[in-house]
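Following the hints, complete the assembly by docking chain B onto the known chain A.
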Amino acid sequence: MSKAPRPGHDRPFTLLIAALGGEGGGLLTDWIVDACTQAGILVQSTSIPGVAQRTGATTYYIEIMSPGGDGTGEPLFALYPAPGFVDMAVASELVEAGRLIENGYVTPDRTILIASRHRVYAMSERTAMGDGGFHAPRITDAAMTFAHQAVLRNFEAAARGSNSAINALLLGAMAAADNFPLSEEQLKTAIRTRGVAVDANIAGFDAGRDLALSGEPEPGTATEEIHPPSRQVTLVEGFPEAVQDVLEAGLERLHDHQDAAYGDLYLERLKRVLAAEGSTPDHGVLRETARYLALWMAYDDVIRVADLKSRASRHARIRNDANAKSGEPVHVTEFFKPGIDEISTLLPQPLARLLVTWAAHRGTRPAFHIPLHIRSDTLTGHLVMRFIAGRKTKRRKTLRFHHEQMMIERWLDAVTRCCGRSSELALEAALCGRLIKGYGDTRARAGHSFDRIFAEIIEPAAIGTGSAHDIALRVRMARDAALADEDGKALAAFLYPETSDTKNKETAPSAQAAE
Amino acid sequence: MERSFAKEVQTLKLGEGDVFHGEGILAITKALLQAGVSYVGGYQGAPVSHLIDVLADAQDILDDLGVHFEACANEAAAAAICGASINYPMRGAAVWKSTVGTNVASDALSNLASAGVKGGVLIILGEDYGEGSSIIQERSHAFAMKSQMWLLDPRPHLPRVVDMVERAYELSEASSTPVMMEFRIRACHMHGRFETRDNKAPEVSRRQLLQDPDFDINRICLPPATYGQEKHKIEHRMPAALEFIREHRLNEFFDGPRADVGIILQGGLYNSVLRALQQLGLADVQGNSQIPLAVLNVTYPLVPGEISDFCAGKRSVLVVEEGQPAFLEQAIESILRRADIQTTVVGKDVLPMAGEYVAEVLLNGVGKFIEGAVPEGVDLQEVGRTPAEVARIRQEAATALGQTVPTRPPTFCTGCPERPVFSAIKLVERDLGKIHVAADIGCHTFSTLAPFNIGNSVLGYGLGLSSAAAVGPAMSRRVVSIMGDGGFWHNGLNSGVSGAVFNQTDGVLVIMNNGYTSATGQQFIPSTGKNFRREPTGMTIRKALEGLGVSWLKTVTTYRVGQMVKTLRDALTTSEGGLKVIIAESECQLARQRRIKPEIREQLKRGERVVRTKFGVDEDLCTGDHSCIRLSGCPSLTVKPNPDPLRVDPVAHVNDGCVGCGLCGEVADAAVLCPSFYRAEVVQNPRPVDRIMYALRSRFMKRESAAP
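Protein sequence lines, in the order shown, are assigned to chains A and B.
Heads up: the first sequence at position 406 corresponds to 406 in my numbering, and the numbers run straight through without jumps.
Heads up: the second sequence at position 554 corresponds to 554 in my numbering, and the numbers run straight through without jumps.
Since the hints were derived computationally from the structure, they do not count as laboratory data.
Predicted, not measured: the structure shown is a model, and the values here were computed from it.
All residues carry an ideal CB built from backbone N, CA and C; glycine is no exception.
Treat the hints with care, as some may be off.
As the list claims (entries may be wrong) - Residues of chain B clear of chain A, computed beta-carbon distances all greater than 10 Å:
id, residue
1, 68
2, 256
3, 338
4, 682
Stated by the list, open to error - Keeping only pairs whose Cα atoms sit at most 30 Å apart, straight-line, the calculated BS3-like set for lysine-lysine is:
id, chain 1, residue 1, chain 2, residue 2
5, A, 337, B, 434
6, B, 7, A, 188
7, A, 325, B, 702
8, B, 702, A, 489
9, B, 13, A, 325
10, B, 597, A, 188
Extracted from the complex, chain A is given alone in its bound form (with noise of 0.2 Å):
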């Protein structure tokens, strides 16, 4: 290569563009192939716009360069980025500037990348039945060191603080590096001859520039911190500082949830952990066992779902979340369906039992559903739900109270037996908390993941011999595997290998007989 180059003008200037279906992409690359045909400047541009409408990744890819003045004729354009070969590559989303990282096309010798922080999620980060999510650090990490110079900021989040669109501030940011070949009045008159939503791209554009000139903290700093406990409470006396935080938020759930006494419960089961536990630096074990057990103990029944959402602050909430400007009537419609688990969590439990013995012998225990469509924004709607959630004080005699807490008991003993082995393992039985969730059969589904690994693995191992470490990954592959699908197959394949490698065997040969 000839000496410092200067792109756009010795050579093409490069720009690749990454965005999502209906980000509007080609709006913006239109701007940049105007402003460019307006200034006299050369342009090529292309996109693989596929079925991006639907939401996949898009790319748009654009060649630049300033006519020369030696006669030379023109410069040849190509339709395709080549890695080592991109001046400036622009992503609309996180994740689209790891992929264009991944792809080579970011290298410390010439790229200039500019990219919005935020994320939107991809289907197998949404669906995952914990949390999917990409670590994103690694990408900002990695933007630093790839990028000749990284310009990373939530364009997002000031789209909708300008009222305007990502694509012009995005425009605006790519007009702030000092390589890019167009000026910010060239690329503001193509913004106004297209003639689409001009004021609102003009501040967008505005907005982007000087979004992208500011100096935000450059990455390291995670973009999603988990809240700060909203209130200061007094310490917990005889808990560690290390689990604190958490104490304080499970007393509070559980005293919003059911009463003092209940919160009293609560801190009485966690001595015992502690116990067990003993002195450690971080006291992992109590830690997680204390988080888990607010949870659990803190169950969504209907008492619990009626309570929350007549509270006059989720009305609020709701407002805001809909966008509703103020005048605005709001109407709320809630989606039950009451079965016969909801209805017998209202009954005392001599009563429930009946009706669940009575429904289970006449099979209409998993059928039977009774669709409600509550509009609670009204006053019956609101004061059947308050009533609902004045069954509260009855909770304790109800037959799913009483389920909940066996259950309870069980984990808590097994992971205090299990910090006698090791804390390894004990900490694994504690985090096996994280798989009670959900409602009806989700719910059902994840108590029974919880017993087989409880049955299986943790309640033997607690008595039993055997190396604790390979046991405690064991129970780590198994929680893996419980929130691999929602049909337990994964974890059935992990528990019982033999037995599904046999089914296997059976059902292949058959199913060649069967043709």
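What follows is chain B alone, placed relative to chain A:
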């Protein structure tokens, strides 16, 4: 189309000496009018839909020139309209997505190619291969060879492309043979410029009528004429074509100082090969290559003399030919063998046999060729530097990222009416067990991807029902076939439904009636109710099915998941034999939004009461299991970090993209998922009664919640 192309239509009016700025496919459209076509027909499909969309909106231009435009029922019909050029000196064009469209068109194309043409025929193929493609990966090249039609693959430079359109007609007429011209995805979407000429009114047209029909027994595809046509292809048409290609220099040859080697390439890959050469330090910014180039703007037939002249005196040549089989490489080997030229032919040994030739592939392939061929005066160390550097950075990036970043396969749009059907199938499967689903082509093919993974096979457009014919009787449970309304009118009505009724096939067919061929850009179809000129058609799917004698026929609004589940279960379990058809009906949400957004804006401006619906999730109730997402997959139903300090799994969240279709509520209800969904209806421009009720309710809630 609910979308207007008025702006693009204006570019078709440009005259002598004007400068066109725009997309490749639009440039081709303009080139057709400049070449004086009498007719244009086609079937929509990426990347060439635009040609049809724009012409459909350009009625005034077409009327002025007398050009006939036909939005054809399928590609076979589009190919068949070219029959006009067999007997009459009419230039015509047909356009579709290839190879799928060419497959459908093959019957007509074979007959057209055999009969030969008087007026020039140009078939424009959107070669949907590689990144961004939505179909099976094959080449159109084989069709050209087997039916003996000429195949052009012009260098993607708009002035060249436009010139090639004109030349293609001359070539077609000089050799009595239809000509195909392929354009890859990026070339179709390439934005460039060229100097225009006036449009040419055709000599035969709607305004210049033919008086007498022509009859020529030799143009009929029936023996004995077909034997004569086959001979005529070889004895007259092929030599005429070779002569024309050579004389008019349709292929381009560029000299270079490293004359002991050379590269022969498909015209369409010219820019990419040049970019690779630039990266290797073997070409300058203007694209002057040190390696001599033979650019094949015509890839079938090859002119043997041109190939042997180029190769003579070279030690080694590289053939750059995308896809497989390696027809060009084989043909070049054969030409050189016959000419007794000993040049080594390198091709698929340094370049991949399969897959798109993106920049990196060509950089590595051309680099390897140079390293192996060792041209005189080339610094091999310099050549090897860039590929090694790119490989190193790729490797380091992979390590830094730790794992592959999540992919984004296509999915149904926000509020898509087809999504609920697959939610319903998933729910039915919970009761009845897994069902074999014979999928079809359309947006609904995305059901095979996450989160549904429903659909066991895809056989072609409109072939969902036909593809269930043999598997159905062999399956313990009834088989469900899917068909879109686009597929239904394209092919499914005939090969699927009439075949199933005729054979008394026991099965279930779900027809997605969303009003358009949505996957290709919402073009109108018979059941849209109007054609592209906005004339009413009066055609419906139901009437067509009743006409064919389908008796078990239910129409269900797709968003009613519970109703859909019940209807599907009925269809799957009824003792009634024969075909059971469910018409799953709701308008394409993209088209609907495009239509209603301006209407709503107007209503709001006039101060009318408008209710806007948005769904939401109570974040304190969501436990982060994401069952709802797995049953819906709606892009606006996503996740966000859990605001609860105790919970670690992200919560479900409905973002601002929500169009209020109601599926998440319906699914939560039908699947008895969880109570965290709610529907919020914002009353815009409320009436006094709305305001009073709202004020009363608010006051009551405040007092009630203030009470202990």
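Hints versus structure:
{"no.": "1", "hint": "68", "result": "30 Å, holds"}
{"no.": "2", "hint": "256", "result": "14 Å, holds"}
{"no.": "3", "hint": "338", "result": "34 Å, holds"}
{"no.": "4", "hint": "682", "result": "5 Å, violated"}
{"no.": "5", "hint": "337/A - 434/B", "result": "25 Å, holds"}
{"no.": "6", "hint": "7/B - 188/A", "result": "21 Å, holds"}
{"no.": "7", "hint": "325/A - 702/B", "result": "19 Å, holds"}
{"no.": "8", "hint": "702/B - 489/A", "result": "49 Å, violated"}
{"no.": "9", "hint": "13/B - 325/A", "result": "47 Å, violated"}
{"no.": "10", "hint": "597/B - 188/A", "result": "27 Å, holds"}
Comparing the model with each numbered hint stated earlier shows that hints 4, 8 and 9 do not hold.
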